[in-house]
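Protein chains in written order, with this note's numbering: chain F, 35 to 127; chain Y, 35 to 127; chain R, 35 to 127; chain C, 35 to 127.
Warning: the hint list may mix true and false statements.
Since copy identity is lost for identical chains, a pair holds within one copy or between any two.
Straight-line distance between alpha carbons at most 20 angstroms, and here's what the computed EDC-like set of lysine to aspartate or glutamate pairs gives [stated by the list, open to error]:
{"no.": "1", "residue 1": "Lys81", "residue 2": "Asp66"}
{"no.": "2", "residue 1": "Lys81", "residue 2": "Glu115"}
{"no.": "3", "residue 1": "Lys81", "residue 2": "Glu53"}
{"no.": "4", "residue 1": "Lys81", "residue 2": "Asp71"}
Treat the hints as calculated values from the structure; they're not laboratory data.
Number of protein chains: 4
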Amino acid sequence: MAGYAISRDDYLRRLRRIEGQVRGLQQMVEDDTYCIDVLTQISSVTKALQAVGLGLLDEHVRHCVRDAAEESPEAGDAKVEEAVAAVARLLRS
Amino acid sequence: MAGYAISRDDYLRRLRRIEGQVRGLQQMVEDDTYCIDVLTQISSVTKALQAVGLGLLDEHVRHCVRDAAEESPEAGDAKVEEAVAAVARLLRS
Amino acid sequence: MAGYAISRDDYLRRLRRIEGQVRGLQQMVEDDTYCIDVLTQISSVTKALQAVGLGLLDEHVRHCVRDAAEESPEAGDAKVEEAVAAVARLLRS
Amino acid sequence: MAGYAISRDDYLRRLRRIEGQVRGLQQMVEDDTYCIDVLTQISSVTKALQAVGLGLLDEHVRHCVRDAAEESPEAGDAKVEEAVAAVARLLRS
Chain F
35 MAGYAISRDD YLRRLRRIEG QVRGLQQMVE DDTYCIDVLT QISSVTKALQ
85 AVGLGLLDEH VRHCVRDAAE ESPEAGDAKV EEAVAAVARL LRS
Chain Y
35 MAGYAISRDD YLRRLRRIEG QVRGLQQMVE DDTYCIDVLT QISSVTKALQ
85 AVGLGLLDEH VRHCVRDAAE ESPEAGDAKV EEAVAAVARL LRS
Chain R
35 MAGYAISRDD YLRRLRRIEG QVRGLQQMVE DDTYCIDVLT QISSVTKALQ
85 AVGLGLLDEH VRHCVRDAAE ESPEAGDAKV EEAVAAVARL LRS
Chain C
35 MAGYAISRDD YLRRLRRIEG QVRGLQQMVE DDTYCIDVLT QISSVTKALQ
85 AVGLGLLDEH VRHCVRDAAE ESPEAGDAKV EEAVAAVARL LRS
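Can you make the complete structure from the sequences, with help from the hints?
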């Protein structure tokens, strides 16, 4: 159990919308849409993806980190390190 | 003509791959994949989208800005402002 | 106690180096340094600041969130929300 | 001439304010300020730095790229590539 069962449908709904936005980007490129408008749409898709990422991070810290910390401080610390490394990757992307 | 005709196929290919990655994210969520692995994949999709955005930006400055600047300095300046505003949106996303 | 007493000196050392880098940026501007070189240095200072932020985030989750969660699940949840909101601000900056 | 002489004073003023903000961060750490408040201030400094970067980018494209393009298309292209590489570094930072 990955700990995000509660709002899994919400994540799926959002990811399906993002998939539709990416198809919209393909259509924009096929239609020779003005670059700046494509760039604006890319920013919007990126923002939507980051929002999904932040939601997952929230649940990860709320559940996985806490469960691990209850097991042992070392297990909790390992989960924290993993989460912060994931945030670092999000920041660099 | 939006100025990116030359590598339009390359953009489409990349965007189709990104679409596949977003479908992969849906599958990961459906499979209750470990949050951190989903986050890592989100970073990777975001990076791929930003790369498409940087490619478009390159062509925009190379073509649209230059063409506008040949028309008039004011037209060129307007295009530059627009491009920098687009970069600002990318940075904030 | 803010929870980062252990490596406070390390943070201070890093922040003093960042202060020096910002003064270096001023010198670059005064010397009419080539824009792109100034931009590269700005990226480097931003990266150094983000690294300090990630360090603080790590300690925050490790200590404040955990301590709050031991108090009550609600207190823990409030700290998690606060931390994720801080990450969202980092991502948008 | 780096092409940003006109608003050099404005850049210096901003960079001095950023230097003050970085010193403020040091004080916050010395005072054991709550991590999340330090993180919020880090986001704000990062945003201020990015704004300086975007200003420089604007002038770079407006002046250096255009001047180079007038010299030769190849020189213009080289400047564009350099500018887009700088944006990529900003995005990754």
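Worksheet item: Broken hints, numbered, in rising order?
Response: 1
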